[in-house]
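S.K.: Take the sequence shown: its position 246, counting from 1, is numbered 246 in this note's numbering, and each next residue is one higher.
Don't read these hints as lab results, they were simulated from the structure. It cannot be assumed that every hint is accurate.
[As the list claims (entries may be wrong)] Calculated lysine-lysine pairs in the DSSO-like style (CA-CA distance at most 30 Å, straight line):
| id | residue 1 | residue 2 |
| --- | --- | --- |
| 1 | Lys364 | Lys507 |
| 2 | Lys555 | Lys364 |
| 3 | Lys555 | Lys507 |
[Said to hold, decoys possible] Okay, the calculated beta carbon distance ranges per label pair:
| id | residue 1 | residue 2 | range |
| --- | --- | --- | --- |
| 4 | Arg171 | Ser530 | 34 to 44 Å |
| 5 | Arg172 | Glu114 | 18 to 28 Å |
| 6 | Leu599 | Glu293 | 47 to 57 Å |
| 7 | Tyr242 | Ser569 | 23 to 33 Å |
| 8 | Ala82 | Arg172 | 28 to 38 Å |
| 9 | Glu638 | Arg333 | 33 to 43 Å |
| 10 | Lys555 | Asp637 | 22 to 32 Å |
| 11 | Ser208 | Glu293 | 29 to 39 Å |
| 12 | Ala219 | Ser569 | 47 to 57 Å |
| 13 | Pro552 | Lys375 | 25 to 35 Å |
| 14 | Pro29 | Glu293 | 45 to 55 Å |
| 15 | Ser530 | Ser646 | 28 to 38 Å |
| 16 | Ala168 | Pro604 | 51 to 61 Å |
All values reported here derive from a predicted model rather than from experimental measurement. Ideal placement from N, C-alpha and C gives every residue a C-beta, glycine not left out.
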Amino acid sequence: MSRLTFTSLVLAGLLLASGWATAAVPVLPAPLADRLRQIQQMAYERPDEALQAVRSESVDEPYRPWLRYVEARVQLQRGQLAAARALYPVEAVSDDALALHIRALVARREGQSERMGALVEQAWAVVEPLCPSPLPEASESLANCPAGLLVELASLGQISALAQGQLATARRRSDLAMTWAQARRQPDLQAHVLLDRAEFHLQQDERSAAEAALNEALALPNLGVTWRIWTLNFQAAVAARYDQRGRQGELLEQALAAAQASRLERTAALLQGNLADFHVHMGRPLVARQLAEQALPVLRRFADPAEATVRHNLALALIDSRAFDAARVQLARLQEIPVVERPDERAQGLRELSEAWARVGQYKEALALYHAERKLTSAAQAQARELALEEVRQRLGSAQKEAELTLAQREADVTRQTLANQDTLRQVAVAAGVLLALGLGLGGLFWVRARAAFRKLRRNQRLLKALSERDALTGLANRRQFHQVMAARGQEPLEGSLVIIDIDHFKRINDGHGHAAGDAVIQAIAQRLSDAVRDGDMVVRWGGEEYLIYAPTLKGPHAKQWVTRLLPSLCSTPVALPGGELLDVTCSMGFVTLPIPPLGVNLPWERALNWADLALYAAKNRGRRRALGIVGLHVNDEVSLAQVESDFEGAASAARLSLVQVLGTPADLAAPPLVPAY
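Whole structure, please, built from the sequences with the hints as guidance.
M.R.: Okay, structure coming up:
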């Protein structure tokens, strides 16, 4: 969310290849190709000037499709999607690669990934025959391959293929693009392919391969300054992903210095946005704020999509520097910017903002964003679960249809045999006996099969019910089952304890070790929780790296004693990752026992869960690897309860609320507590 890597940038167009044609476009003369190449290179930093140049260009009628293509590329650089779309007002014909490419770029900017993929496939079918692999022996064939367009289509195709899990297709297209980029002896084309390849390896968590591709790009002779800058920027993103913050800052400073020396204003603004993100994570909000405020006017003037990311970083810097009103203004403006984001990117942004508000003690806003992030994550998980259930339903439906067809076929065989017997039997009495026997046999057969089908249907129903109520990764109960348990209670007061557990710094685990390691950690903690609870307690995967325990018989001081034993047990043994590496993992907890002494306050389960959330956030803000529990409440009117929710720490300081803290590891337990146990 807060960094701009290679694939998230709107790069300047690649060099136009001269001397080639698609089925709908004639071969370009070299002088015209050079002129259009210059215009397209100009478009990223000076889009208005480039637009004027392309509109004033005079060419013969056969080459006008090229002018329209370059003008559409310029309009995309200006952020004018409607203008680019208007240049191709009707659906592109299947053999016009230029039109298909523009439509694919527009679809990508609009977030229509499936449509983009379909258009790329159509364009690729036109271009690939012109660029076979291995290279043809005839030298004149080089002029027939549109190398620049091939590389861009390979880049878009890789994005689409990776989204669908087609890794072999993505790699094959990358190899073909590199073959022709090398044949053309164009280092910028080769750099583009290498950066795409680095992105491919990074998504597979293949760090060394990604870094090798980037180093190879930097070593290319005569590499253009723009591509050198983007390669440095990409190297900085890799360093940040693997927590090499010092190297990230050095690389970004190098890239920014090169951009400013070359007077690349827009590129420099994007790099300032990345540096703002760097300084936010390094705890330098004032420096981050200065960089973001320098970048924003430039990005707004260019209508650059990166404005949203930089404004997000500015809001983080303002929160950390306690300029709360200014931060809220930036967040309001951020909501006005139309941004196409994947759910995981949006969730990461919400999490960063939530953690920033929590760091400065603004728990109300932190909790609101936390719940928004959890809702988004839960919706994505629910969608994935529904897809899995639909697959099961389809599989069960297919099996049922197959069984019905088999049964019908057997019935038809029996019927044909019966008719044959009627033709051969001569005596009516014998025929009646045979028919009666067959009828009894068929009745018995139908009864047996009906019983079997009913049992199979019941098994399938139980399977679907279990799948809908269990988390697929951990096997724990999910939110839906917990809500059903709470709904079954009706108006009965809730008694016992609610405990919320959150794995500390889980994003670092995913970023530093990969999502497979993150899944292993989630499964390990889930197993430890299941082993620690008693019969009758309910363990729920509440979402992402968060768990909920409902212990209906755990009350009073016993809750603190139980949490005191539970918290160290979760972190006493490192988690074994898929590669064999051992990883230390810590957790934070918030808990509440009901009814809350000494007044016996009983809260609805939704509100009690919210209070446990507040305790969890306070525990994280006090250093993580600890639990914070609500063990006393000295008010019972609605106004006072609302005040406790809006200022949790203040309520504890004013003795309206009694808290107890439990520290996580044996070393922690030996240290003096940070807050008194009331």
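S.K.: Run every hint past the structure and note whether it holds.
M.R.: Hint-by-hint comparison with the structure:
1. Restraint check for Lys364 and Lys507: the C-alpha separation of about 22 Å stays at or below 30 Å, so the hint holds.
2. Only pairs whose Cα atoms come within 30 Å are accepted, and Lys555 paired with Lys364 is accepted, the gap being roughly 27 Å.
3. Between the alpha carbons of Lys555 and Lys507 the distance comes to roughly 33 Å, so the proposed pair goes past 30 Å and is violated.
4. Between Arg171 and Ser530 the Cβ separation comes to about 41 Å, which falls inside the hinted range of 34 to 44 Å.
5. Against the hinted window of 18 to 28 Å, the Cβ-Cβ separation of Arg172 and Glu114 comes to about 21 Å, which satisfies the hint.
6. Taking the beta carbon of each, Leu599 and Glu293 are about 51 Å apart, inside 47 to 57 Å as hinted.
7. Checked against the hint of 23 to 33 Å, the C-beta distance between Tyr242 and Ser569 comes to roughly 30 Å, which is consistent with it.
8. A beta carbon spacing of about 35 Å between Ala82 and Arg172 agrees with the range 28 to 38 Å that was offered as a hint.
9. The supplied range of 33 to 43 Å is met by Glu638 and Arg333, whose beta-carbon atoms lie about 36 Å from each other.
10. Evaluation of the 22 to 32 Å hint for Lys555 and Asp637 yields a pass: the beta carbon distance comes to about 24 Å.
11. In this structure the supplied range 29 to 39 Å holds for Ser208 paired with Glu293, their Cβ-Cβ distance being about 38 Å.
12. Separated by about 51 Å at the C-beta atoms, Ala219 and Ser569 satisfy the suggested range of 47 to 57 Å.
13. A beta carbon spacing of about 26 Å between Pro552 and Lys375 agrees with the range 25 to 35 Å that was offered as a hint.
14. Taking the beta carbon of each, Pro29 and Glu293 are about 47 Å apart, inside 45 to 55 Å as hinted.
15. The beta-carbon spacing between Ser530 and Ser646, approximately 36 Å, falls within the hinted interval of 28 to 38 Å.
16. For the pair Ala168 and Pro604, the beta carbons lie near 53 Å from each other, so the given range of 51 to 61 Å is met.
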